[in-house]
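Asks: For reference, the chains in residue letters:
There are 2 protein chains.
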Amino acid sequence: MNNFQRIVLASRPKGVVSTDNFRLETVAVPEISDGQVLVRNHYLSLDPYMRMRMEDVKSYAAPQALDEVMIGGTAGEVIASKNPKFSVGDKVVGMLGWSEVAVSDGSMLKTVDTTHIPLSAYLGAVGMPGMTAWYGLTQIMAPKAGDTVAVSAASGAVGSVVGQLARMRGCRVVGIAGGKEKCDYVVNTLGFDACIDYKGGNLFKDVKAAAPNGIDCLFENVGGVVMDSVLARMNPYGRIAMCGLISGYDGVPMPIHNIHAVLSMRLTMRGFIVSEHMELWPEGLGELGQLVASGKLIFRETIADGLSAAPEAFLGLLRGKNFGKQLVKLI
Amino acid sequence: MNNFQRIVLASRPKGVVSTDNFRLETVAVPEISDGQVLVRNHYLSLDPYMRMRMEDVKSYAAPQALDEVMIGGTAGEVIASKNPKFSVGDKVVGMLGWSEVAVSDGSMLKTVDTTHIPLSAYLGAVGMPGMTAWYGLTQIMAPKAGDTVAVSAASGAVGSVVGQLARMRGCRVVGIAGGKEKCDYVVNTLGFDACIDYKGGNLFKDVKAAAPNGIDCLFENVGGVVMDSVLARMNPYGRIAMCGLISGYDGVPMPIHNIHAVLSMRLTMRGFIVSEHMELWPEGLGELGQLVASGKLIFRETIADGLSAAPEAFLGLLRGKNFGKQLVKLI
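Going line by line, the protein sequences match chains Y and H.
When we follow my numbering, the leftmost residue of the first sequence carries the number 1, and every step to the right adds one.
When we follow my numbering, the leftmost residue of the second sequence carries the number 1, and every step to the right adds one.
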């Protein structure tokens, strides 16, 4: 293997992301220096947060630089090492981006055990999405048994874990997802108490019917009218973990009309970025890893084939075309 | 005095409140029974929260009943007592409503000392509005010295106290108010660092200019575009005390467009009702009372004359016609 492929950000989107915003490049495999490792990525993780990084705006992280490899979580294997902490053949997860091969100094690379947990799960239920679910649930919503918990994007990599963890804690869990197929999966496979199809035309009525005792906790991934439908049913002292607002990432206005619920119901709403709470990852990933290894936490993946499929798969993710965790298989 | 006047809620408003929603009645002064006191109200407090109580909707408190005396804070004097805790001549504050005379069982009535603090101040800076400011500041925003604090309705009974307390804690304080006269007062008399006239036509630019280092804390009384203009400038980990949304109380839609700041800046937004935190009132009122008695906390009142002026004064309050604490003088 002398050359490999990678994808860089070619231009910033004007509104909706297009495949033209990306550029596939072929480059030579570099030599590594002392302390470095060379990784062959097996899976690339596609996640909604990447959309925000494509914009050149003030946010929680620096924008993705133009003409550089797109940011992204990866899982792969060490194929050469001049770092005593890593050996050839080690399975590793990191943030090596949209690239078949990458060099790392090992500082952000983690060796993982694939004996009981599949490599790809370290990008989903036992990785950043799972930790995102765990953090919002345990640190912000903190539901008690008997509470009603609402989760938007319920069939997704994050939402599916939120709901299952809440069920294990004795909550009534109401999901919101797009389409009958996803809703059926959320109820029948993931075990949520109810799931509302936001495309069904009766969002507000359906949320009310699915949460007859009101809603105590909301894990918000979507924003806009989906969020408004839950705000309208929040109970006093409810907690809202603000994780994502995917409905507005392409610049479509998504005003919130029911903000008055924050006042009248004395709600607490908090935004968070799970990478700012690394001190909790060992605890959270410990719980998630055990649940996945024992088959108690169910997850689903949509896998695109080959690096060149990544831009189209990413566009699909932003439109909800994925079903569960969106990955790109590179090898 | 055989008869007195009172005002009841005659009908619920359809959109904008009208004076027709109220009815003035003349009734006989009642005899009091054992345990009761008869109070002659001197001042009636008018507050934005009353607008929400006029609606028959699920909220933090039961709606104001039709054909009953309008809810409201009062300050007055005991004119007859069959309760050993109260003597004729005692100055008292309570929630006796829009009425010249009222009977109380004493349970919600508090004797106050008017030696160093004027009676009317117990309805403002040393009463519920002052406590509202103190609670939101100390329990939700918790600013550090050097933080920038934004306050909407800055010249009002609550906002004026928020800003002065924040200045005493070493913060840069930016007010938002309606009109040049109020803004001049907020800066020149109350000592805020800056005040933006939301009617000035450059709200977003003006907020940005007044808060060059961004905004760490927001005390929100208004909602709508005023809130959006501050959300756009919030710093990471900012705190928002949601106290009121007066711009939407008459049913005018007031969507929030910048909710994404809660996510990108990892903000915490919390709604509160100060009457649910009575355990903190002694501490808060202690601080506020000392500051008013020593002249360090400045407040301003707009006083309507006579009970029959209350409905028109209340309508004015909802349109921002008052300047500082809106009271009705009954005697």
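Treat the hints with caution; some may be incorrect.
No distinction is drawn between identical chains; accordingly, a pair holds when it is met within one copy or between any pair of copies.
Unchecked claim - Taking lysine-lysine and the DSS-like style, the derived pairs with C-alpha atoms no more than 27 Å apart in a straight line are:
id, residue 1, residue 2
1, 110, 14
2, 208, 14
3, 205, 14
Bear in mind the hints are in silico, worked out from the structure with no lab data behind them.
Asks: Determine for every hint whether it applies to the structure shown.
Replies: Here's how the hints hold up against the structure:
With identical chains, the CA atoms of residue 110 and residue 14 are never at most 27 Å apart, being 36 Å at best within one copy and 62 Å at best between copies. Only between protomers do residue 208 and residue 14 lie at most 27 Å apart by alpha-carbon distance; the minimum there is 25 Å, versus 37 Å within a single protomer. When the C-alpha separation of residue 205 and residue 14 is checked against a cutoff of 27 Å, the pair qualifies only between copies, where the shortest distance is 24 Å, while the shortest distance within a copy is 35 Å.
The earlier numbered hint that this structure contradicts is number 1, and it is the only one.
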